[in-house]
Every structure is written in C-alpha cells, then in structure tokens.
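**Q** Whole structure, please, built from the sequences with the hints as guidance.
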Amino acid sequence: MRFWKNPEQIVWLWGVLLGIAFLGIGISQGQLAAIWRKATMICMECIGIG
Amino acid sequence: MKKLRLIVQIVFTVMTNGYAYGFMSGKIYQGNLKYACVPGLNCYSCPGAVAACPIGALQALLNQRGFQVPFAALGFFFLFGSLLGRFVCGWLCPFGLVQDLLHKIPVFRKRKILPLHHILKYGKYVVLFLLVGVGSMFLFGGFAKVPAFCKYLCPSGTLFGALPLLAANGMLRTQAGGLFFWKLGILLLIIVLSVKVYRPFCQYLCPLGAIYGWFNRFSLVRIRWEKEQCISCMACEKSCPVALSVREISRSPECIRCGRCVEACPNKCLHFTGMRRQNGSPEPADR
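Protein chains in written order, with the numbering used here: chain G, 1 to 50; chain F, 1001 to 1287.
To be clear, the hints were calculated from the coordinates, so they are not data collected in a lab. Please note: incorrect hints may appear among the correct ones.
Anything over 12 angstroms on all C-beta distances counts as not near chain G; from chain F, calculated [stated by the list, open to error]: (1) L1061; (2) L1084; (3) A1176; (4) P1266.
From the structure, some residues in chain F lie toward chain G, with a derived Cβ separation under 8 angstroms [to be verified]: (5) S1025; (6) M1137; (7) F1140; (8) G1157; (9) L1159; (10) G1170; (11) K1183.
A virtual CB, placed ideally from N, CA and C, is assigned to each residue, including glycine.
**A** Pasting the structure below:
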C-alpha cells in the first residue's frame, strides 16, 4: 500500500499511461501509417543522397 | 554485469536488425513491424531493420504538410522513457554498442569526457531543438520538408543504412555525392573520437539521449543508492564511464544505467531497482 501513497514512485506509471494515450491519439490520426510509409521506403536523407 | 550488458546489446541489435535478406539484396524490410519504433537509435533504412527509428518517426511526423502534434512518436518516447529512461542508451541502442566496442580498442589514453564537458553536454539538446524540431518543421528541400537530423548529422544512418545499402545496391552507389561524403566524414570523426572518449555521440550529440535523459528522474528502471550503507570509497565514481558523482547517478540525465557503479560498489549500496523509497532506506525485501 505504501507504493500507492508515495506519488514520486508512481510518476513512471503516469508516464506509461500518457504514452499509451498519446499512441492511441496518434493511431486515431493515422500517424502510425505515416511512420510506416516513411520507414518502408529507403530514406534518401538518411543515407546521404536526398 | 559487463558481460551480461554486452550480450543484451548484441542480441537486441541482431534482433532489431535481423532481416538478413535485406543485406544481401540491398533492399529494406517493408513489413508491418515498421508501424512500431525500436527504443534505440536504429536507422529504418538499415537493410536489416525490422522496425522504425523513433527520431526518424518524430521527424517524419513533423515533416507532414501543416502542423500536427506528433502524438505517436511522443507515445513511444513516454512509453520507453517512463519504463527505462536512458537504460535504453546503455543496453539497447545499436549505435551505443558500436561506440562501446570502439572504446575497447587499446590505443590512445582513454578519456571519460571531453574538455568543456559541462558546456558540450548541452549539445544534444541543441541538436534536438534545432535539427529534429525546428529543422524538420521549417527546412525545405524542393517543396517538401526534410528530416534535418537524418540528413545532416545522423551517423547511425550512415553506418547502418548508407554503407550496407550502397555496398549492395549499385544504382544507389552512383547517386552518392557531397552530402554522403559529409555524413561519412561525421561518422569517421565519431568513430575516431569513440576510441579515445567514451560514447562521444551519446554524451554530446544524440537527441534521443536528450529525450530519455529527461525521464531518468522518474523512470521505473533506476539505480538506487542506499546512502546509509555508503562508506564513501568513491569506487562508483571511479568506475562511472561518464564521470558522475554518486549523488548524481540515480537522477542525472547523463547516466546511461550501464551498471558499472553497481558492480564496483564493495558495500552493495548501489543497485538496479524498479522502485526507490523516498528516504533512501532499503525496502523490506532488501533487508
């Protein structure tokens, strides 16, 4: 029970929940698809050509 | 601990770059795993990469027309950062592994940090703000925005993406020009510097380290210091590869959770933990 009474110890948990929420919003906005599109084509900038 | 970390680093690097066919054909993996990001700096144009690079993903979202908050990339950062902090840098980053291996080469007198470290360590925040943030939102190449960090700086892209792709793909090789040689120069500089200084790219330039460093204060995986048991022998400070004091180890954004201090402590008052009690005393299970 002490674990839940000490807010400093559960900041990471809030971070995880926020991360999941952000991912959910990102998915709903089609952002994962945008990441996939970029990641599945050779990134010319990354390899110093583009 | 050292051996375990090396094994984890190698296994994770092989796992996340395990698309062997890509290396032979000079093509990259195009499957569904690339909807997700790996935690470390791992170029998605590496022929073997099976997932996306988080910094590349952030820039891809900032490069989109108009402006939208890059929620998906932030989600990955919060998830990995809150759980692991810079443990990612120490244990799971392929480019970190490369620098670790280079630093083992027994030439030059080794240094932990560069002169002016107290100023240079903020370089990674400048890179994050100027190249990843402002650069990706406002820098145009033709009519499209460009991922400025990937284009002008990222040595991981040159090492894991450009070199294997150019070696296997003749078409791409003919297109390599000034920009490629600029990036190759940066890579060579970092390689040489890594032999002398411990992880120069991670300490001074990596935007991903800057992001995860912010989570170090409260991430689940931390190093706990039992102050009461400490005999101030300074073994931890001497062993720390990034020259942190014992007071800084648990919270500093520079700590990459390599665990050398944990290993060096003769009194076992430093250890990895999921949780840290506020007063620093041992948890009942530790007694």
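**Q** State for each hint whether it applies.
**A** Each hint tested on the structure:
1. L1061: 6 angstroms, violated
2. L1084: Non-interface label on L1084(F) violated, nearest chain G Cβ at 10 angstroms vs cutoff 12 angstroms.
3. A1176: Per Cβ check, A1176(F) is inside 12 angstroms of chain G; nearest 6 angstroms; violated.
4. P1266: 28 angstroms, holds
5. S1025: 12 angstroms, violated
6. M1137: Status violated, d = 15 angstroms.
7. F1140: For F1140(F), the interface hint is violated, since the closest Cβ of chain G sits about 12 angstroms away, which is over 8 angstroms.
8. G1157: G1157(F) check passes; min Cβ-Cβ to chain G is 4 angstroms, inside 8 angstroms.
9. L1159: 11 angstroms, violated
10. G1170: At 13 angstroms from the nearest chain G Cβ, G1170(F) fails the 8 angstroms test, so the hint is violated.
11. K1183: Interface hint status for K1183(F): holds (4 angstroms vs cutoff 8 angstroms).
When held up to the earlier numbered hints, the structure conflicts with 1, 2, 3, 5, 6, 7, 9, 10 and fits the remainder.
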